[in-house]
Amino acid sequence: QQQVKQSPQSLIVQKGGIPIINCAYENTAFDYFPWYQQFPGKGPALLIAIRPDVSEKKEGRFTISFNKSAKQFSLHIMDSQPGDSATYFCAAVEYGNKLVFGAGTILRVKS
Amino acid sequence: DTGVSQNPRHKITKRGQNVTFRCDPISEHNRLYWYRQTLGQGPEFLTYFQNEAQLEKSRLLSDRFSAERPKGSFSTLEIQRTEQGDSAMYLCASSPQARQETQYFGPGTRLLVL
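First to last, the sequence lines map onto chains A and B.
No gaps in the numbering here: position 104 of the first sequence is 104 in the numbering used here, and each next residue is one more.
No gaps in the numbering here: position 106 of the second sequence is 106 in the numbering used here, and each next residue is one more.
Source of the hints: derived by calculation from the structure; they are not laboratory data.
Source: prediction; values computed, not measured.
Per label pair, the in silico range of CB-to-CB distance:
id, chain 1, residue 1, chain 2, residue 2, range
1, B, Glu-52, A, Gly-83, 35 to 45 Å
2, B, Arg-81, A, Ser-69, 41 to 51 Å
3, A, Ala-45, B, Arg-59, 20 to 30 Å
Glycine is no exception: its CB is placed at the ideal position from the N, C-alpha and C atoms.
Starting from the given sequences, assemble the full structure and let the hints guide the process.
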């Protein structure tokens with residue numbers, strides 16, 4: 001059973017566009033929601049994270065929007081660049097416990 | 001802060017052989033996690049340690065898998081009698097005491113079982 005559902009599977013945008021990646025979860029015990037960026041052959045790198053008591057968080061060009069009642073959250077990348085081309089994973093964690101990942105979104109930013 | 005390191009980065013082995021991977025976490029991180037990632041999928045949890053104690057093991061971790069963290073610093077993951085289905089990227093992550101939910105990943109060990 002997939003506890004964190006992520007969409008779309010892949011995404012292509014033009015440079016400067018705003019790709020949006022969506023995730024939904026079922027377990028209401030989750031209390032921390034990070035996003036990871038992964039380049040081919042590398043380990044996932046922590047990008048930004050949010051807790052459910054906050055509706056939005058911005059760090060640089062990356063923004064997380066969180067809807068607790070709908071159990072959904074999303075990542076927006078402002079002014080996307082070709083260097084942002086990577087696989088993005090949403091995840092959820094129950095305090096002090098393991099990460100549960102979404103299936104990933106392959107993003108390609110065309111120059 | 002040198003980050004999480006893993007060795008080897010790549011391993012090719014024949015079916016039936018044993019392999020061992022090593023993970024060195026970020027200094028003073030008391031929690032250490034192992035995940036497995038297959039192509040096109042997100043990482044899946046295998047097991048984790050708090051200091052030297054192994055606190056949880058996934059059902060994915062069959063009897064052929066064993067992990068240790070003998071002195072609460074580095075960790076090893078051993079796979080005995082490897083099978084072709086074990087081919088995957090094995091990722092290690094660590095997190096600090098004060099922010100245990102914030103996990104930092106190493107570069108991974110890519111295993112190919114022939």
